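Here is what each chain is made of, one letter per residue.
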Amino acid sequence: MSVDKLIPMKGRVTKVVDEAPLVRTYHIVVNGFPTPLPGQFDVLYVKGMGEVVISISNYAAGDRSLVEHTVRAVGAVTNYIYTNVGVGSYLGIRGPYGRGWPIREFEGHDVLVIGGGIGLAPLRALIKHIAENRSLYGHFILLYGARRPVDMLFKYEYEEYSKIPNSTILFSIDIPHTGWKGYVGFVTDLIDRVKFNPQNTVAFVCGPEVMMKVAADKLVKKGVKEDRVFLSLERRCRCGIGICGTCQLGHYFICKDGPVFSYQDVKQYVTVRGL
Amino acid sequence: MRKLSVSVLKLTSCSGCLNEVLYSLVARAELLRYLNISYFTELQDSNAIEDVDVAIVEGSIVNSEQEELVKQVREKSRVLIALGTCAVFGGVQSLRAGEDLRTVVLASYPNPDHIKVLPEVKSVDSVVNVDYRFSGCPANGEALARFLVKLVMGGSESPIVESLCSECKRKGILCVTVFDGKPCLGPITLSGCGALCPSFRRGCYGCYGLNALIVDREKLEEFSKVVERLGMSREDFMAMLKAFSYSSLTKSSSSR
Amino acid sequence: MSRMLGEYFEGSVLLLENLILALKEQGLRVLSYKLEGDLPVIGEVSRLSDLLIDYTDIQSPGSYRLAKEVKGVFRHTQYSPKHLLHYPTQVIYEISDDFEIIRTKDDFPPSVLFGIKPCDLAAIEVLDKVLERDDVYQARRARIEYIVVEECVEPGGTCFCGSIGTGPAVAKGYDIAYARLGDQVLFKVGSEKGLKLVEKVGLTPASDETLRRYNEALNEARRKASRIPPFNVVVRALEDVAVAEGFWREASARCVGCTNCNMVCPTCFCTEFSDYADLSGKAWRERHWFGCLSFTYGQVAGQHFRPELFMRYRHFVLHKFLFYQRQVGLPGCVGCGRCITWCPMGIDLREVVSRAVGYVGR
Ligand code: SF4
Ligand code: SF4
Ligand code: SF4
Ligand code: SF4
Chain A
1 MSVDKLIPMK GRVTKVVDEA PLVRTYHIVV NGFPTPLPGQ FDVLYVKGMG
51 EVVISISNYA AGDRSLVEHT VRAVGAVTNY IYTNVGVGSY LGIRGPYGRG
101 WPIREFEGHD VLVIGGGIGL APLRALIKHI AENRSLYGHF ILLYGARRPV
151 DMLFKYEYEE YSKIPNSTIL FSIDIPHTGW KGYVGFVTDL IDRVKFNPQN
201 TVAFVCGPEV MMKVAADKLV KKGVKEDRVF LSLERRCRCG IGICGTCQLG
251 HYFICKDGPV FSYQDVKQYV TVRGL
Chain B
276 MRKLSVSVLK LTSCSGCLNE VLYSLVARAE LLRYLNISYF TELQDSNAIE
326 DVDVAIVEGS IVNSEQEELV KQVREKSRVL IALGTCAVFG GVQSLRAGED
376 LRTVVLASYP NPDHIKVLPE VKSVDSVVNV DYRFSGCPAN GEALARFLVK
426 LVMGGSESPI VESLCSECKR KGILCVTVFD GKPCLGPITL SGCGALCPSF
476 RRGCYGCYGL NALIVDREKL EEFSKVVERL GMSREDFMAM LKAFSYSSLT
526 KSSSSR
Chain C
532 MSRMLGEYFE GSVLLLENLI LALKEQGLRV LSYKLEGDLP VIGEVSRLSD
582 LLIDYTDIQS PGSYRLAKEV KGVFRHTQYS PKHLLHYPTQ VIYEISDDFE
632 IIRTKDDFPP SVLFGIKPCD LAAIEVLDKV LERDDVYQAR RARIEYIVVE
682 ECVEPGGTCF CGSIGTGPAV AKGYDIAYAR LGDQVLFKVG SEKGLKLVEK
732 VGLTPASDET LRRYNEALNE ARRKASRIPP FNVVVRALED VAVAEGFWRE
782 ASARCVGCTN CNMVCPTCFC TEFSDYADLS GKAWRERHWF GCLSFTYGQV
832 AGQHFRPELF MRYRHFVLHK FLFYQRQVGL PGCVGCGRCI TWCPMGIDLR
882 EVVSRAVGYV GR
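Chains as they are written, first to last, in the numbering used here: chain A, 1 to 275; chain B, 276 to 531; chain C, 532 to 893.
Simulated from the structure, these hints should not be mistaken for laboratory data.
Watch out, some of these pointers could steer you wrong.
Below, computed lysine-lysine pairings styled on BS3-like, alpha-carbon distance capped at 30 Å [unchecked claim]: (1) A:267 with A:181; (2) B:278 with A:10; (3) B:285 with B:351; (4) C:660 with A:5; (5) C:724 with B:457; (6) B:425 with A:5; (7) A:218 with A:155; (8) C:636 with A:5; (9) A:181 with A:163; (10) A:10 with B:425; (11) C:602 with C:727; (12) C:813 with B:278; (13) A:181 with A:222; (14) C:636 with B:446; (15) C:724 with C:555; (16) A:195 with A:15; (17) A:5 with B:446; (18) B:446 with C:599; (19) B:457 with C:599; (20) B:500 with B:446; (21) A:267 with C:660; (22) C:636 with B:425; (23) B:446 with C:727; (24) B:278 with B:351; (25) A:256 with C:660; (26) C:599 with B:425; (27) C:660 with C:636; (28) A:15 with C:813; (29) C:813 with A:10; (30) C:636 with C:727; (31) A:195 with A:225; (32) A:15 with A:221; (33) A:15 with B:278; (34) C:555 with A:5; (35) C:636 with A:10; (36) B:346 with B:285.
Some chain B residues close to chain C (C-beta under 8 Å, calculated; not the full set) [claimed, not checked]: (37) 421; (38) 441; (39) 444; (40) 450.
Model, not experiment: these values are computed from the prediction.
The beta carbon of each residue, even a glycine, is placed where N, CA and C say it ideally should be.
Please model the complete structure; the sequences and the hints are all you need to start from.
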């Protein structure tokens, strides 16, 4: 008898990519790790320090599965990873967990992806999925905003994104910056600057919760149905499998019922302060 | 794993916390090897404040020299730990707060002219930014030692803030308030001691300090009625609060 | 005469002793409410006199006393079967220098829950579902070979199972249930296993007179234990007040966030983790109970999703009355009254939810 479900697999860091101040992407190889879906997350374990829930920003299936996690140093465990974990380090890893973006369900639709700050991480695998299965989806829009240009993630891939056929990509920053040619303001302002057919659009949104609510309300006002706006939510999340109870939002367990929810499903909860 | 330079600073306190830490460190030879203790009021006689990784400050601030010293230590340390209820909340020295200073000094010293004290008692917390707090009178040396292990490993810890009752219940102790009708300060006190007093079937007297992130003035007032009903006089209750939670009573909102 | 499930039997109180012995003969550990010194706890018993058979628990908001009296009516203690099945603190694994994981072995011998209450049984049913993926809980649960329930002929001072529908009688999920009617005991059988046991102990079919007394007592108990509006009414009211901040600020005005209610609640299951290491390279993880009334519940690095106490208090109440229902299809509050009795502030959940009913439309 033991809590087998909470026992991590052993992963080895094979590459570390500097993304932005305090943000790095860690490539972890784990033998026989199950293939994730875009939007799912893993629980990373640092020996002696604890666990942390991190979304999967990219993956490659196979026997020596490679999973990428983009980590921002904000808490005790993520700070430890940022300062101490490098190529060759071992990390424990459990997952993949949660319900990701409903990519199969919305084949044939136009896709509007909105990311804010670190929120691009769980959207990255989705963007790659769309790029690789281009014919399965209609028009593709990516709106991405960060505080400053330096805070933007995956900059080395933007060129690749821009080559996705039949797509519109807009960036924004919050604080004016010399040399910045894009928009300055909230990323949600960009919703007004792109054309899309609300009847045939599904939206995938990830960023700070306030930003997601603004985006969702705006999209709904423009005619996108509430059950076609998907948000990836964050809460205090520990076990990842719905037994520790700390991630509850109303009756949902973020880890097992989410982290991706339709706005329709969570509106009753996220619009009430502290519920 | 890396060696840490540590400076230990003792202000006004009884040294009980430092003793607890010493016990825990002595039992951990492997940890001591990674600590380079550069300034330890209790053990060495060096007054030069150097740049260090970790400063551990025990005691509360009762004069302006101490306040200055703490500020200097803060500047020179990467991580500052407030050790013990004196450093975190002011501690028992706070009992004199509000009394006439001269009376207090005369009560302890025959020749009070050499005694320089502020009318106020200040916690380290109220003077500089504190990174980690280990309250308790005395503090839990084991908890600090475990934390130092993490620092040596290059990590840290996010505290879980809960009341003593959580700890008490996890230990399976029958509640002394509800079952025995004894006044217990556990519900408003920070956890960390392992529910020591209730495990001896005594009420907690709040030595780890007030859980001020929840307990505001109104709740404190409500709580005081409960302990009064169970036989604790208002004076005793106020004295316990003053002794162990002074700085959180004088602040409108806690800095935690 | 062959005996059947659903049949009623009777016998003297002393036959409970035979029942305990019969269970022990099968090599089972019998767990029940009992005294340890002068403290009422839950743990292993070996004979009837170990049980709190001659005691009455006197419960009211913020107070619990035990009175010794012949033919006492005992309900429950601060502890519940949760303490046995969902351990308060547990090291889940150790990990060595070279990342080898040593799982903690959890030896839980085959056991019987004896004399637990209808609310306890309802709580176990909730935990079974909400901890479905918790393998330690499930493994321990699988080692519970029998459940013997004592129905409540007299509800305790803070009980309200009648309003929820979780007591004072049981309908399913037990092997044997019994009710104490003075010196007589009425037995119900809920499983084939239970039937075999009853046959061994030598009970006789219940007389009409005993059955009549039983039904009368239980109906009276149900009436007494219906101290809040019916569950569905409460649910509808709470759905309405969920967004009314004022209601929750008022309801939690005296709450100090001590988490006693969470800890004693037989259906509260939340846990947190703590990590430890030594410098030899060894580390270990501990899992322990965690209450949603504590400050940290809802906090993440850099922000807090339930920063104010009223938000966490609201979550406690709504989880019990609304959210469990949506999560596992059962009420999360089983009406045991523990959170009322063991709240040092004496905050009465019954009052809070009853007030919610009055609050509608205001
Ligand atoms: S004995 Fe004190 S610390 Fe323990 S639960 Fe009761 S009130 Fe809380
Ligand atoms: S909420 Fe209170 S009355 Fe309901 S089951 Fe939990 S402890 Fe018992
Ligand atoms: S009421 Fe609170 S502690 Fe209890 S199960 Fe629900 S969230 Fe967890
Ligand atoms: S036991 Fe009472 S005071 Fe303590 S958290 Fe629960 S409701 Fe609040």
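Okay, the hints, checked on the actual structure:
| no. | hint | in the structure |
| --- | --- | --- |
| 1 | A:267 with A:181 | 35 Å, violated |
| 2 | B:278 with A:10 | 28 Å, holds |
| 3 | B:285 with B:351 | 16 Å, holds |
| 4 | C:660 with A:5 | 16 Å, holds |
| 5 | C:724 with B:457 | 46 Å, violated |
| 6 | B:425 with A:5 | 26 Å, holds |
| 7 | A:218 with A:155 | 27 Å, holds |
| 8 | C:636 with A:5 | 14 Å, holds |
| 9 | A:181 with A:163 | 19 Å, holds |
| 10 | A:10 with B:425 | 21 Å, holds |
| 11 | C:602 with C:727 | 28 Å, holds |
| 12 | C:813 with B:278 | 18 Å, holds |
| 13 | A:181 with A:222 | 27 Å, holds |
| 14 | C:636 with B:446 | 20 Å, holds |
| 15 | C:724 with C:555 | 15 Å, holds |
| 16 | A:195 with A:15 | 39 Å, violated |
| 17 | A:5 with B:446 | 25 Å, holds |
| 18 | B:446 with C:599 | 26 Å, holds |
| 19 | B:457 with C:599 | 21 Å, holds |
| 20 | B:500 with B:446 | 27 Å, holds |
| 21 | A:267 with C:660 | 26 Å, holds |
| 22 | C:636 with B:425 | 26 Å, holds |
| 23 | B:446 with C:727 | 38 Å, violated |
| 24 | B:278 with B:351 | 17 Å, holds |
| 25 | A:256 with C:660 | 14 Å, holds |
| 26 | C:599 with B:425 | 52 Å, violated |
| 27 | C:660 with C:636 | 23 Å, holds |
| 28 | A:15 with C:813 | 26 Å, holds |
| 29 | C:813 with A:10 | 15 Å, holds |
| 30 | C:636 with C:727 | 33 Å, violated |
| 31 | A:195 with A:225 | 16 Å, holds |
| 32 | A:15 with A:221 | 43 Å, violated |
| 33 | A:15 with B:278 | 27 Å, holds |
| 34 | C:555 with A:5 | 33 Å, violated |
| 35 | C:636 with A:10 | 21 Å, holds |
| 36 | B:346 with B:285 | 14 Å, holds |
| 37 | 421 | 6 Å, holds |
| 38 | 441 | 5 Å, holds |
| 39 | 444 | 3 Å, holds |
| 40 | 450 | 6 Å, holds |
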